[in-house]
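Novice: Following the hints, position chain B against chain A.
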Amino acid sequence: MTTTENAVAQRPATKTAGPVAWMRANLFNSPVSTILTFLSVWLLLMAIPALFEWGFIQAKFAAANGQECRQVQGACWAFIAEKHRLILFGTYPFEEQWRPMLAVIILIALLILSTWRKLWNLWLIPIWVLGMASVGVLMWGGVFGLTYVENTRWGGLPVTLILATFGIALAFPLGVLLALGRRSEMPAIKVICVTYIELIRGVPLISLLFMASVMLPLFLPEGMTIDKLLRALIAIVMFAAAYVAEVVRGGLQAIPKGQYEGADSLGLTYWQKMRLIVLPQALRIVIPPLVGIFISMFKDTSLVVIIGIFDLTLAAKAALSDPAWQGFGVEVYVFISAIYFVFCYSMSKYSQALEKRLAKGHER
Amino acid sequence: MADALIQMRNVNKWYGKFHVLKNIYLDVAQGERIVICGPSGSGKSTLIRCLNRLEEHQEGQIIIDGTELTSDIKDVEAIRRNVGMVFQHFNLFPHLTVLENLTLGPIWVLKIPKAQAEETAMKYLERVRIPDQAHKYPGQLSGGQQQRVAIARSLCMNPKIMLFDEPTSALDPEMVKEVLDVMVELAEQSGMTMLCVTHEMGFARKVANRVIFMDRGEIIEQNEPEQFFGNPQNERTRLFLSQILH
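First to last, the sequence lines map onto chains A and B.
For the first sequence, the positions run 1 to 364 when the numbering used here is used.
For the second sequence, the positions run 1 to 246 when the numbering used here is used.
Rather than coming from a laboratory, the hints here were simulated on the basis of the structure.
Glycine included, every Cβ here is placed at the ideal spot set by N, Cα and C.
Please note: incorrect hints may appear among the correct ones.
[What the hints assert, rightly or not] Under the rule of at most 20 Å between Cα atoms (straight-line distance), these lysine to any residue pairs were calculated in the SDA-like manner:
| id | chain 1 | residue 1 | chain 2 | residue 2 |
| --- | --- | --- | --- | --- |
| 1 | B | K74 | B | K160 |
| 2 | B | K22 | B | I63 |
| 3 | A | K257 | B | Y15 |
| 4 | B | K160 | B | V207 |
| 5 | A | K273 | B | L99 |
| 6 | A | K273 | B | I73 |
| 7 | A | K118 | A | L130 |
| 8 | B | K74 | A | E261 |
| 9 | B | K22 | B | K160 |
| 10 | B | K206 | B | R236 |
| 11 | B | K74 | A | S184 |
| 12 | A | K273 | B | Y15 |
| 13 | A | K118 | B | T97 |
| 14 | A | K118 | B | Y137 |
| 15 | A | K273 | B | D75 |
| 16 | B | K160 | B | L110 |
| 17 | A | K273 | B | R81 |
| 18 | A | K118 | B | H95 |
| 19 | A | K356 | B | Q140 |
| 20 | B | K206 | B | G230 |
| 21 | B | K111 | A | Y270 |
| 22 | B | K22 | B | R236 |
| 23 | B | K136 | A | S184 |
| 24 | A | K273 | B | W108 |
| 25 | B | K111 | A | L283 |
| 26 | A | K273 | B | I107 |
| 27 | A | K273 | B | L241 |
| 28 | B | K74 | A | Y270 |
| 29 | B | K74 | A | M186 |
| 30 | A | K273 | B | K111 |
| 31 | A | K356 | B | P94 |
| 32 | B | K206 | B | F229 |
| 33 | B | K114 | A | L122 |
| 34 | A | K273 | A | M186 |
[To be verified] Chain A residues, not near chain B, derived (Cβ > 12 Å throughout):
| id | residue |
| --- | --- |
| 35 | Q67 |
| 36 | T147 |
| 37 | S351 |
Chain B extracted, bound-state conformation:
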């Protein structure tokens, strides 16, 4: 696994005295689709936010596609160009139209000509099934539509890795499916490397190669979905699964 796309080696992080990530070792291969679950406060969001340095780890090594994440801002920016992120609260830019949201990164970061960036943006809007909303502002869209725009915005940067930080938890129940459908399609058609923090176990069964269970800052158990759900090894995993799978 020396050439894994993501390598986390003995990563530790504290918020003040609170030890939020404990000795995390994690390798993710190209094209792998990983679902991370665990009770709230278990450090799962922090873990994936460390991967594009929205959070800084204090100990250990994180290497993304051969580049180590350090305080060197140039390295951080280079990694962020290749790592897309979808947030719980979408984080779209409300003062820009949907199309401008999508082309901002390509134009300013990747230096792609505007016309070409718009063409790519429309292609991705079609993929997330909302090309007709291109000239609206995010505030005029439903939550599900906004999250699909956010996914398209990340895809427009043509990333190698996509991170999803609880992408469906802020959505009304009837909108969860439309977002999950887009994510399933992305997983099945593009072969994208995906790390997804979610409690959508149906999604995990359907697309994940590996499910990781975290509790109190540690990776407790990881396995392929069949084994993970059918035959959990750890007591804490069993307890957690019994609570979320009724």
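The shape of chain A in the complex, shown without the other chains:
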């Protein structure tokens, strides 16, 4: 009796194991799914070999000039090899390009350090200030025997990274303050914050960038100028802060009233209550959407090309304008897309890992 019961119980288990059973269960479990499976396989068969052919087999990895490259069918990676310094660092003085390189490494290190949970406290502030200051010194120079390089000559990856990292570092605290302001009991502060958030969220980033670059100088007193890169950064920070504020507000609303009352009953002041009790819990909840904002912010920095800032995208365009190497737009855009992808994908992966770790944690 018991043996037959066991055999019955085991049969389905053996059926679901193995690749054939898996395929039957997942790829061919219905007519629609079978058709979709074949369609996907056909698409992959069409696309992958062709891409592989173009990107590797027929591609030219070394060439003296564009003429040589045009004789082959595939990609001209030689163009990237030739122009990578221009794409990555723009028109920064050639012999000094170790400086933007080092700045890029520092910025990436800052981002990686910030993912380390042990550092999620006030230590992050001096680390970021120090990191940002050293990036400034490296890029501008003029001290410690470094020659001065004005920022109209900066370009490429460091500009993109500076806009993105400085943007994130400034938009985040500003956004948190706006979110707190929006929930403030003081009507004046609340009205200001709500108006700001709704106004900014109602306009596209491009219009803010235009305003920062074209209109802002008109309002400044004569003789006073704000650097173009700084103006773009301000526009990006103002824009992202409004979105950060809305996400953080969601987190604040998810904190039960009892937490506020518990903090109040101990006699904590408003700022102590927010810093020690409410924000640590609220920010944990909103990490995934916050990272989402940072990812789109990273990509949105490419919009600064329209006000003529020499970021990665514009550097790619500049590389294309060399008459000796014309017509390799696909290669160069694949190259910079890959750079954007590496950054955005790492952020996305990190956010997923973090979400999992926090879900497993001790918090209810």
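Specialist: Okay, now just chain B, sitting in the frame of chain A:
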């Protein structure tokens, strides 16, 4: 009674049009232990929540230890330092360990050095009989243990007054006793001034100096427990007691 620790004078409060507290006069002397009971919606929780201004009263005066509760946030914070509160749903901070929950107030509000705050915290954890849970997070504890941590958290602030807002109503029945035992011990050993909203009449008989019955925002009757339970004067009190004492 001019030097009563808590003085409520003609206190009125409305939620919109709903008159939740009506002309409350209440004096509580140092060391007095008061149990407040009444049907749900009678305003008993609101009354004690007014004492540390988690709720604002709209009329009348509340004076705690010589300081009047007004909208002046400095006064409110000063009073909250001296008034501990234990909530129905514990309101522990889930992102901090038990020990961090206990030392947060002393370190940030009373500015006590961390080592000293931890020492005091361990002393109170021993008093509520869970010193071995100090490094766990609240979510890892049972309801009864969490409520005992919450009591210890309030005691760590060395308050003059302890408020209990239905401390056992959210607990599973088998955990009610462990919390009540701690509260009885606190009442008998420390001489703490306590105001407790509860339906635990056994607790009221055992520790209260005075039992207050509230209904529809008014204090209907107050007396020492012997008289209150043995010989209730008001019809509504008698009805309420007959409903909860089977």
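Novice: Hints first: check each against the structure and report whether it holds.
Specialist: The hints, checked one at a time:
no. : hint              : result
1   : K74(B) - K160(B)  : 18 Å, holds
2   : K22(B) - I63(B)   : 17 Å, holds
3   : K257(A) - Y15(B)  : 18 Å, holds
4   : K160(B) - V207(B) : 18 Å, holds
5   : K273(A) - L99(B)  : 18 Å, holds
6   : K273(A) - I73(B)  : 14 Å, holds
7   : K118(A) - L130(A) : 18 Å, holds
8   : K74(B) - E261(A)  : 17 Å, holds
9   : K22(B) - K160(B)  : 26 Å, violated
10  : K206(B) - R236(B) : 23 Å, violated
11  : K74(B) - S184(A)  : 18 Å, holds
12  : K273(A) - Y15(B)  : 26 Å, violated
13  : K118(A) - T97(B)  : 16 Å, holds
14  : K118(A) - Y137(B) : 18 Å, holds
15  : K273(A) - D75(B)  : 17 Å, holds
16  : K160(B) - L110(B) : 14 Å, holds
17  : K273(A) - R81(B)  : 14 Å, holds
18  : K118(A) - H95(B)  : 15 Å, holds
19  : K356(A) - Q140(B) : 19 Å, holds
20  : K206(B) - G230(B) : 14 Å, holds
21  : K111(B) - Y270(A) : 16 Å, holds
22  : K22(B) - R236(B)  : 17 Å, holds
23  : K136(B) - S184(A) : 33 Å, violated
24  : K273(A) - W108(B) : 10 Å, holds
25  : K111(B) - L283(A) : 26 Å, violated
26  : K273(A) - I107(B) : 13 Å, holds
27  : K273(A) - L241(B) : 41 Å, violated
28  : K74(B) - Y270(A)  : 11 Å, holds
29  : K74(B) - M186(A)  : 17 Å, holds
30  : K273(A) - K111(B) : 15 Å, holds
31  : K356(A) - P94(B)  : 18 Å, holds
32  : K206(B) - F229(B) : 12 Å, holds
33  : K114(B) - L122(A) : 18 Å, holds
34  : K273(A) - M186(A) : 17 Å, holds
35  : Q67               : 64 Å, holds
36  : T147              : 49 Å, holds
37  : S351              : 19 Å, holds
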